[in-house]
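K.L.:
Hey, can you work out the whole structure from these sequences and the hints?
Number of protein chains: 4
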Amino acid sequence: MTDLRTLAKQDDQRPLLCALLRDFHRLGWVSGTGGGICGPASEDSLWIAPTGVHKELVEPQDFFEMRLDGALTSEPAGLRPSECAPIFLAIARATGARSVLHSHALSAVLAADGRQGDTLIIEGFEMLKGVGLSNTEKLSLPVIANTEREYDLTGSVSEALTDPRFSKAHAVMVADHGCYLWGSDVMEAKKHAEVYHWLFEGVVARNRM
Amino acid sequence: MTDLRTLAKQDDQRPLLCALLRDFHRLGWVSGTGGGICGPASEDSLWIAPTGVHKELVEPQDFFEMRLDGALTSEPAGLRPSECAPIFLAIARATGARSVLHSHALSAVLAADGRQGDTLIIEGFEMLKGVGLSNTEKLSLPVIANTEREYDLTGSVSEALTDPRFSKAHAVMVADHGCYLWGSDVMEAKKHAEVYHWLFEGVVARNRM
Amino acid sequence: MTDLRTLAKQDDQRPLLCALLRDFHRLGWVSGTGGGICGPASEDSLWIAPTGVHKELVEPQDFFEMRLDGALTSEPAGLRPSECAPIFLAIARATGARSVLHSHALSAVLAADGRQGDTLIIEGFEMLKGVGLSNTEKLSLPVIANTEREYDLTGSVSEALTDPRFSKAHAVMVADHGCYLWGSDVMEAKKHAEVYHWLFEGVVARNRM
Amino acid sequence: MTDLRTLAKQDDQRPLLCALLRDFHRLGWVSGTGGGICGPASEDSLWIAPTGVHKELVEPQDFFEMRLDGALTSEPAGLRPSECAPIFLAIARATGARSVLHSHALSAVLAADGRQGDTLIIEGFEMLKGVGLSNTEKLSLPVIANTEREYDLTGSVSEALTDPRFSKAHAVMVADHGCYLWGSDVMEAKKHAEVYHWLFEGVVARNRM
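Residue numbers (our numbering), protein chains in the order written: chain A, 2 to 210; chain B, 2 to 210; chain C, 2 to 210; chain D, 2 to 210.
Subject to a maximum C-alpha distance of 20 Å in a straight line, what follows is the list of computed EDC-like cross-link-like pairs (lysine to aspartate or glutamate):
id	chain 1	residue 1	chain 2	residue 2
1	D	LYS10	C	ASP63
2	A	LYS130	D	ASP153
3	A	LYS10	D	ASP63
4	C	LYS169	C	ASP186
Honestly, the hints are just simulated from the structure, not real lab data.
P.N.:
As structure tokens, this is what we get:
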């Protein structure tokens, strides 16, 4: 298996996305065909994983190429793009991120259970430095309500992205569901994914003590 | 190791079942020779794993072929078919499923501890979509009492399968024991297995908070 | 890596013991050079792992051969036999077991925290069948006090082995320490190890709910 | 993959450090580019891992060589040495340790949450023997306050290293952050890492019961 470091340097980021999906599946973040991922395809397009498939088994040729304006420029036969696609695009356009993970981790759901109103506050952890804060700052993450169809989340996600209360967030939590989190490129999204999930486990564990 | 995607496409589903048993053992679902699995052998027969063996070490030639009417059509020397066999057949006949997992996961036992009467209710999770519900629906799973001999569960399982309260269930829980869960084919059973176990962990974690 | 099934059939059981130590280390049962294992060498002797070494890195040539009467018949240079050796021999002589695992699993310590007097009672789990009981029976495991030197446990272990209250036990718990557990051969010890650790996690989880 | 035992015997300890970082990442001790490690380079210098990189992907050529007096003697292009470097050196000079791990494990943070004043007391575990105590002794670990910049921890770490209350400690805890822990060489640091993290999980679990 080629390691992530080698894959990260390749022009084609799809093998890297596949390798991360395998890791994230092992960690329980994309179980049962859930979750999704995207990464940069070109200056103005993203590779988007298909929906309804076992994410750890996705192969490079399964990705859809979608322009940031929503046009599909390449479409594998027999697959449908992730329902997250409009959300991925909204995040990419609003934040400049080029890689987004949609996680179904239980820790994300349990952390969001501890929200106050529409906000999850995380504080008192050195790991906050891993997502761009000081360890003495409070991280405010938006928690939006879940909907019956995933694309109906797009409006709430877009609102959260421009809400000044959440200016330091690289994640939008969805109650009872999971989260979207992102980075400027795939490896930063991986880093943020590890840090956010650590923080989710941290707040859940402290709530339990 | 050939990956699950390749194995899933092969006519002979036994190597796929073996690979899943290795994964499920690592996840703690078939520890200590416990649990079991079956998958389609032909139009009217199933491959059924042997009993009393380390499930992660099962090899293709160890499977029994059993017709849906219960007749054994192939029998490896020195092994006995899973005690679950009559239950697997009952599920296959009643639901049309062709792959059933019998899980001994602790999370299934702990989730069933939270039953109300003979029913475990799971609600408030996006992951419900992974087993055919809306996220706003309540999933009602039957919880039957355990018995001293596994085949004595067959009657209660059969009753649960026709109980209209459980029409959306792809699983029967057995108190203090684990669960049976299924899919139309092996890969759907794998998907359901991941989703149900996620949900079991979810309800247990929420009960603890 | 040769699989356990092949290794189990070899006359020389040391490669099998090494493979299990790797698995048990991954599971957290023999962390930090702790724990130990033995298996059959001949009719009247055992292979015993060395002490003070990283257990997951033990190789076949590192094992001591010790007769059931305590005489060392083969001794690798530069190593010392496990301090558990007298306990392993006591268990082998009293029970007929030819493979013993000494586990330092946290779950064993936490389960023993729930003892009543000198006994840990486990009941209400199907998994009891995996260690020779009916699911309706109570398993009574002896819990002995820990000592400053491991070999000082030998007397208490020997007493527990002949105590009629513990006639169904394949394990002796040591408070604050872990447990000794055994099987007639290495693969039965592996099976019992998986079942007992599952049960330890089960009683701990139920105590927490 | 060459095993740890072979790597441990090589003059160049960097491949061993890389292998351990992969293991520690899998265990959640160095997630999201966090944490760090060092090992002996020569009589009076250490190999120190770079900062701001995915620790499980570090390769031998990425290490900085730093003399115990703080002089950099080899510096890979495009990387910066770990911010822990001054702390690693302070520990090496004060204790004679030649390998230090900086862990961001959640278990370390949660264990330190249970401190009394500036001390975490761990007692009542056989595993204490793995870090040089008797099972009947109390281990007192220093817990220092976190700071906005990691190198500002150096003073508090140095004070803790000479505090007679902590003479048996091979670790300094940092509140809300993690810990530094060490051994005379890399394999002893690995052993201590496993034992301390086991103990952290142990005290956290007992606090929860």
